[in-house]
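Read off the chains here:
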Amino acid sequence: MKKSASKPRTRTPTKAVLKNSRSEISTANSSRRNGASSGKFPVRKNPHGIPDYRLEVLDCRTVEEWVDGQFRYNIEGDLSAEPPPLRESKYLNKQQSIEIYRYMLLNRKMEQTLENLFKQQKVVGGVYLGLGQEGCSCASAYALGEGDWIGPMIRNQGALLVRGFEPRDVMMQYMAKSGAPTGGRDAGSHFGDKHKRHIAAPISMLGDLIPVLAGVALGARLQGKNIACLTWVGDGGQSTGPTYEGFNFAAVQKLGVILIVENNLWAYSTPVDRQVACKDLANRAIGYGVPGVIVDGTDPNQVYDVTYEAAQRAHAREGATLIEAKMMRMRGHAMHDAATYVPPAYFEYWKKRDPIARMEKYLLEKRWMSTKENSDLIASTQKEIDEDRDFADASPYPEGTTAGERVFCDNSIEIPFLYGKPKVKQSDKKKLRAASDVAHFR
Amino acid sequence: MAPVTYLEAIREGIWEEMERDPAVFCIGEDIGVYGGAFKVTEGFIHHFGSERVIDTPIAEAAIVSAAFGASLTGMRPVAEFQFMDFISCAHNQIINMVAKANYRWDAPAPLVLRGPSGGGVSGGPFHSQNPETYYAHTPGLKVICPATARDAKGLIKAAIRDNNPCLFFEHKFLYRRIKEELPNEDYTVEIGKARMHREGRDVSVITYAAMVYVAQEAADILAKEGIELEIVDLRTVAPLDKEAIANTVKKTNRVIILHEDTKTGGLAGEIAAVINELAFDDLDAPIARIASLDTPVPFSPPLEKFFLPKVEDVVREARRLRAY
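Residue numbers (our numbering), protein chains in the order written: chain A, 4 to 445; chain B, 13 to 336.
Calculated from the structure, these hints are not laboratory results.
Nothing here was measured: the structure is a model prediction, and the numbers come from that model.
Between beta-carbon pairs, the in silico distance windows are:
#1 108/B x 282/A: 31 to 37 Å
#2 413/A x 318/B: 41 to 47 Å
#3 290/B x 426/A: 49 to 55 Å
#4 108/B x 417/A: 23 to 29 Å
#5 70/B x 280/A: 20 to 26 Å
#6 293/B x 413/A: 33 to 39 Å
With a Cα cut of at most 20 Å, we get these calculated DMTMM-like pairs of lysine to aspartate or glutamate:
#7 428/A x 63/B
#8 205/B x 413/A
#9 354/A x 118/A
#10 257/A x 67/B
#11 257/A x 42/B
#12 48/A x 283/A
#13 262/B x 282/B
Where a beta carbon is used, it is the ideal one built from N, C-alpha and C, also for glycine.
Bound conformation, chain A alone:
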């Protein structure tokens, strides 16, 4: 929450410039189309009429087989295709694209560092990585405005960085340090910040942030502000009851919840084919009565564009949006899981679709970034991560005796409205009438 002020931070010069350009986004976007060639790559529709922005549609499924008396998964389908280019963004300009790329780098390098810290036994508990999913986390969070909220899950640590937390905050969380946002009271990505960065802290139970984010949007609306509330859920997590309850509530109340279903093919060790019977999880949007779209989750441009449009809908009080982002979890569920149950061909296919490699290629080919600028950026993010690692490593653990504090919020604390005092209307003829004698229950 509070940023530790000990070290003078040297930021990449791009960042300061980019911050400014980003604030112009809402006014400049409609006019600043950067040559999106929609004719070249039309948006197809799936058999249920759901728009599908992907430039390639992988047609395969995970099947069961027995080999030498052992059960294993194999793949049915053709994974030989070469990766397509990124789809051109309708909205992102050069600086914004580079900034998203920078967050993706930061995201990955932070997680690589966490892996090393884990191996050095400096992390308490597990480490959960979003390898292969950085493009989705970073680009979607980047598409929001300032008053908007996010509710991240474990593989959305890039989104935490986009919303203003520092890599050191995440590292201290994993290392259970007193300077961590929760001060060592909860682990890993389980933290939030309601006042400044508008992040709802996740819990381990899946799908539970969806109704919470609906409530945040409801609270904001009562205060006169239509905000976008972005949250993510996996192909595994979306099986839970709160997912349905929460997203249906958002849909029926026309709340600006943006639900990105990160279909990363594996829920721990269970393939998506064992999780759901439908082919595209975006189809569920039809049942909720909200727009649904499919994107390539390893293409930051696609993710940004659809999230940005969903946020525009939220701001215009047009309601919720469901986005299915297809990608793959490129590691096990957590560090302890070697993911040997994943057929190797999946890794080979998706490795070629690494979001960072694709974004790097895109920026270089577009000449939005030179090779030199790229290597400078990579070096500067690495430097930032290394400094944060050292800071987190050197910071102290909490005092054990503080464990009993703050179970309750003191009633002397004033809880402010985040968006302003609600304007309430009351009928003239007030008077609390006596209760009716009609009893539902004898």
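Using the hints, position chain B against chain A.
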């Protein structure tokens, strides 16, 4: 002023808080045009509008979570369970998302989860339960079980103004059966403080909610025999008023703990442990527990009557302790 029923007292409390504070709004199933299954919010939608009196899908997990989400923005939601039995559908949201929020990430959750609980109305296994103990066990929650109209109003107002999640267990048997005159002025009742319902020197009955009246009937019978019961109405089961518990034991040296929830793992065990810690030397007799049978709440009137604690149980135990 005319006497006000327990139910009307809750209505008045919520209504006044909604008039006083624009942060307060109601959310739940059928609370709008229908006014709630028991009519606690009848007429609210006409006065406050559908923005502040929100009918939801039948989705308790979503109701609790949405209330929590709104509280993150500074609102003070009052969420209704049609019957408190359905709180189990939102158990995860309450104990994991809501109760731990302030501790984990400094996010206070000023919300009220309220609804009718308790038996005696042949509601059967799913419309009669007393699920308060599950939540009294969970750190981070305040659990309130009022027994009188005055307390019901004062405590619902205090719960709405509290910065923490408050679970408010109304007793449906009391809704229209008791009434009393309420103060004209705005008042609250402090959460976590017990109330002396009846003073007596011989045997203490520590209880709450509808069982206060079972104890009262027993006290009337015992008074004729010269046994003076003291009745302590806890009003709040989390936090427990340990001081009041210890004080009454120190005074009478004999104690019965009476509750409508089932016995095993019920609050009586916890209260007995508190007495053990704070007033063991003051006991002149073993602690007696009177609670419902360890069964689901049965439906048929003779079965439910047998299931629930009875006046005779209190009379019998008081005589036993007095003679110990």
